[in-house]
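Asker: Below are the chains, spelled out letter by letter.
4 protein chains.
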Amino acid sequence: MTIELSGVIPPLTTPLTVDGGVDAESLERLCGFLLEAGVDGLFVCGSSGEVALLSDAQRNRVVEVAAGVAAGQVPVLAGVVDMGTARVVDRARDAAKAGAAAVVSTPPFYVKPHPDEVVRHFRLLKDAVDVPVIAYDIPSATHSPLPLRALEEIARDGTVVAFKDSSGDVDGFRSVLTATADTQLRVFTGSETVTDLALQLGAHGAVPGLANVDPDGYVRLARSAAAGDWAAASAEQDRLRRLFAIVDVADRGRIGFTAGALGAFKAAQYLRGVIESPRCAEPLLPLADTEIASIRALLEEAGLPVAR
Amino acid sequence: MTIELSGVIPPLTTPLTVDGGVDAESLERLCGFLLEAGVDGLFVCGSSGEVALLSDAQRNRVVEVAAGVAAGQVPVLAGVVDMGTARVVDRARDAAKAGAAAVVSTPPFYVKPHPDEVVRHFRLLKDAVDVPVIAYDIPSATHSPLPLRALEEIARDGTVVAFKDSSGDVDGFRSVLTATADTQLRVFTGSETVTDLALQLGAHGAVPGLANVDPDGYVRLARSAAAGDWAAASAEQDRLRRLFAIVDVADRGRIGFTAGALGAFKAAQYLRGVIESPRCAEPLLPLADTEIASIRALLEEAGLPVAR
Amino acid sequence: MTIELSGVIPPLTTPLTVDGGVDAESLERLCGFLLEAGVDGLFVCGSSGEVALLSDAQRNRVVEVAAGVAAGQVPVLAGVVDMGTARVVDRARDAAKAGAAAVVSTPPFYVKPHPDEVVRHFRLLKDAVDVPVIAYDIPSATHSPLPLRALEEIARDGTVVAFKDSSGDVDGFRSVLTATADTQLRVFTGSETVTDLALQLGAHGAVPGLANVDPDGYVRLARSAAAGDWAAASAEQDRLRRLFAIVDVADRGRIGFTAGALGAFKAAQYLRGVIESPRCAEPLLPLADTEIASIRALLEEAGLPVAR
Amino acid sequence: MTIELSGVIPPLTTPLTVDGGVDAESLERLCGFLLEAGVDGLFVCGSSGEVALLSDAQRNRVVEVAAGVAAGQVPVLAGVVDMGTARVVDRARDAAKAGAAAVVSTPPFYVKPHPDEVVRHFRLLKDAVDVPVIAYDIPSATHSPLPLRALEEIARDGTVVAFKDSSGDVDGFRSVLTATADTQLRVFTGSETVTDLALQLGAHGAVPGLANVDPDGYVRLARSAAAGDWAAASAEQDRLRRLFAIVDVADRGRIGFTAGALGAFKAAQYLRGVIESPRCAEPLLPLADTEIASIRALLEEAGLPVAR
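Quick note, the sequences are listed as chains A, B, C and D, same order.
All residue numbers for the first sequence refer to the working numbering, where the first residue is 1 and numbers rise by one.
All residue numbers for the second sequence refer to the working numbering, where the first residue is 1 and numbers rise by one.
All residue numbers for the third sequence refer to the working numbering, where the first residue is 1 and numbers rise by one.
All residue numbers for the fourth sequence refer to the working numbering, where the first residue is 1 and numbers rise by one.
Please keep in mind that the hints were generated in silico from the structure rather than gathered at the bench.
Among these hints, one or two may not hold up.
Note: identical chains are not told apart, hence a pair may lie in one copy or across any two.
Using 25 angstroms as the maximum straight-line C-alpha spacing, the simulated DMTMM-like pairs for lysine to aspartate or glutamate come out as follows [what the hints assert, rightly or not]:
hint	residue 1	residue 2
1	112	169
2	112	291
3	112	282
4	97	56
5	112	171
Isolated chain A, as found in the complex:
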């Protein structure tokens, strides 16, 4: 029940068929596309995977397919995002059964937990499942931040083996690294845009949504970082920052923020020929053709081959 995570672990989008089901074939192709780029793990059913919008059955199917492709080459982490402990435990048991090597949980949300209640949540989850548990901080989605003192406590006693930080707070991330330096916790940034800084600060790896679109870029960045070549890492990061502009092309007067950002990842994957349809899960609305054209232009500016 241990796992040593590091490197680039993309949080996969969930390819859907035009009628809204999990598109297993596209998902297999996506897993292959990422593995070929040299990623170190696959994180399915994360926020980039529209976990909030997938049914339990869809989530389980996604884990199965990814675990099938990964076949033990790299670990498949599964997001078990839900509001409370009992619900997360149910999701986590399903995910483990479907082949997940580890499960990824946020603190309870919708409710407003105390740090000690957050600690309790993770301990109960750990005791309930046979796979390692990873803590996930994404307050922009949960509005329930993972307090540093709770994280430190569950890192220190081995309740969680890793941590994904999607808070956007570099200063706080540095505090996590310092506070857990003498523990076994593996610390990952969820940032697309300051990944190089996170690695320089000592992060064990990165889980950037944009790696769905340009996994080679993030693998190069991580390798430069591992080699201590910060200038090269920074240059790669700058290229990826320009590419990340795809998440802002959508007109937010017409579709929501999530539809615009995740739709952009999917549109880019569609344009690159990796998945069959750029559609997002209900009730998200699709990007307009002009917006997809802007994404195509940004892919080309970033030097990425476009298949469609």
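Please build the complex by placing chains B, C and D on the supplied structure of chain A, with the hints as guidance.
Answerer: Frame of chain A, contents of chains B, C and D only:
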């Protein structure tokens, strides 16, 4: 597939046994306690029912038990709180099967939907289930407010039959009443503390969490309001406002906000002899004995009989 | 050093000449327009008066002009909005010298004060000036709410004689009324849209920005309330709510929220022939002609005579 | 009217006498203490200088004293923090007259400006004064962020010569550097805790409040950065991060956040023998003796000599 809701519809707490399971016997007693007070409906699996912390199986059990006790005397509404459309549809089908007369859904959350995506969510939900749909706005929990123009649209075309407002925004509530006055929408306030004002503004009823503790008070308040006796309604409201102080007795340095507030409702029900245990669902921590003693004192000040 | 405030006290806009100076002639006309409608006081240099954007010299001039017109018939209250105690004391001494009957201060802002520091601020201010002090809560502008326990303390010991609530929180307003019922504090709502409810709850009066445009409406509303005719008050309120839509006509893609709202008040006063120019203080941008046309239409719908 | 800023420019605290006046002697000693450490400029009347709490007369006195000590060796920048353009212009003219080499302004606050109104503010300010203008983004205080597109516009046309970022947003800071790379804008971080990263990203310098306490540390950090020795910069940063814990020693149940943080800087300067009294401006409450003892311990842990 229609339902004409009005009056006091308490959002029931979910009584749990000491080992964390649904305490069906206590729940039956609670339903009876509320019906005896003259409430006009039962809303289970709402925020006061710790919906975020109950498993699907627990939610279904709660609906079954309440529907069994209500036995058609009053409608049982079931919260189907989840993050996205597919998930909410699954919850809603379960709830309908378990006997719910209507289902209550928030807008999608965790994601950031556009108003048109919120509309789409409710339309897809309505099309997927055989019971009426009620819209629920509780941004303090979801951080995804229900925009007025989305609500107006789904009220006008009959997608939703009712609306529960737990935003705390009296001005916005008044705008809802004005904007939907010429539709069939039944509008409910979720407020414990300005229920009288909401009724005076024309609300069809109230869904106050504190009615778990003092249903007679809210029934009296609503009857005074229906009779146009605003002075009596206001006096009753003032008494209930003092009682509502129970939600603030907990030390928030030790337990979370939700544990403090919902724990107070349950402690009061326990003290009144309605339920067997004041415990909340995992991972919420319990109130301290001194805090329960403060709740007892507030019950007594409010003139409520205490059984324990 | 006492003052018994009640009724409708409009927070005056500050008319400016086309080159940005205080337009004393328009301000005199505005004061006259309001007094003729039967208002019970004049509040200059409030948020509606663009206090944040006026120089000290301009503020002092505004107080002088208003005090000159009021000539003791009604009290002139002066906003002394600034960030810290020393600065507010300087503003307050100027205002008193210029003829203000009382000064209106928010808690310190820009900094983050403790409730006890807020209490200390008001006590130091009271000790430093010869006119009564009024507390002003407008967290949307200051982001520094006036805590209830601080307000209760400074009401109880007579540090402040009145309170203006522009928090938008009806429930909190009710708590203020309850907590200070046994003190001499005069409690005013700053709401344009639930003024009737505030008066019904026991407020001593109202300070609604929209009274700049339709003082007669608010005077009628207050008189209906004083007579206990809540149906008439509510009907008047509903008319004023429709008129209040003027603050939303501006395109917020082009000008800011403050420019849109205060610009609408001034445009309406300009259209009604009360002031000579609708311009706001620097750096706010002006409304477009089409937006002013929309305001004209709303004035006409509200039954208000338009002079231009 | 130009100025080429770079390096470490501490935002000085404002030493006060026990009766609350500006303590010119302590301020001179503080300027000397900082200059001796090798700082590249002095920024007075910033947020760390309690600018919000100083009267205009106090602000002018502070600028005079600092300009006197600096005597042209290094530039003295003066914060001209106020809510609107007319007010900021008045402050800026005073500051220039008192000897400031440049003035530092936030966007308008209290009001809610549009980006184009922010641009207009800075252009009007620039036209009104004879010294260069620096833009200051500190949304935690102003709640009025400086939009990137506004900053880019006023950098490009030379309206502002420099920018201080106290947003805490490293990602946004990087975007500023990229967007203004081809302009003359000098970009400074206001961060105490990720100063090394900011310099590595290409910042021209730093304005860290903690440099009030340990200027030598920040000068060493900046020199390591200038030499490309990121390991040394990072090690120095880690030491300074531990020292920065002084801002959290105060009990926030008793005094406010600002009193706790700025009081800690002053207590540390007092303990180091630089200033005569640790008191803050009214209405801030003082640190407790036990809290000052904790600060002493942290100073000693950081290897700083303590004089008292």
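Asker: Within, between, both or neither: how does the pair residue 112, residue 171 come out at a Cα-Cα threshold of 25 angstroms?
Answerer: Result: close both inside a copy and across copies, 24 angstroms intra and 21 angstroms inter.
Asker: Please sort residue 97 with residue 56 into within, between, both or neither, judging by C-alpha distance up to 25 angstroms.
Answerer: both (13 angstroms within a copy, 18 angstroms between copies)
Asker: Quick one: residue 112 to residue 282, C-alpha cut-off 25 angstroms, is that within a copy, between copies, both, or neither?
Answerer: between (27 angstroms within a copy, 13 angstroms between copies)
Asker: Pop the pair residue 112 and residue 169 into one bin, within, between, both or neither, using alpha-carbon distances up to 25 angstroms.
Answerer: The answer is both: 21 angstroms in one copy and 20 angstroms across copies each meet 25 angstroms.
Asker: Given identical chains, is residue 112 near residue 291, meaning Cα to Cα at most 25 angstroms, within a copy, between copies, both, or neither?
Answerer: between (38 angstroms within a copy, 19 angstroms between copies)
When the structure is compared with the earlier hints, no violation turns up for any of them.
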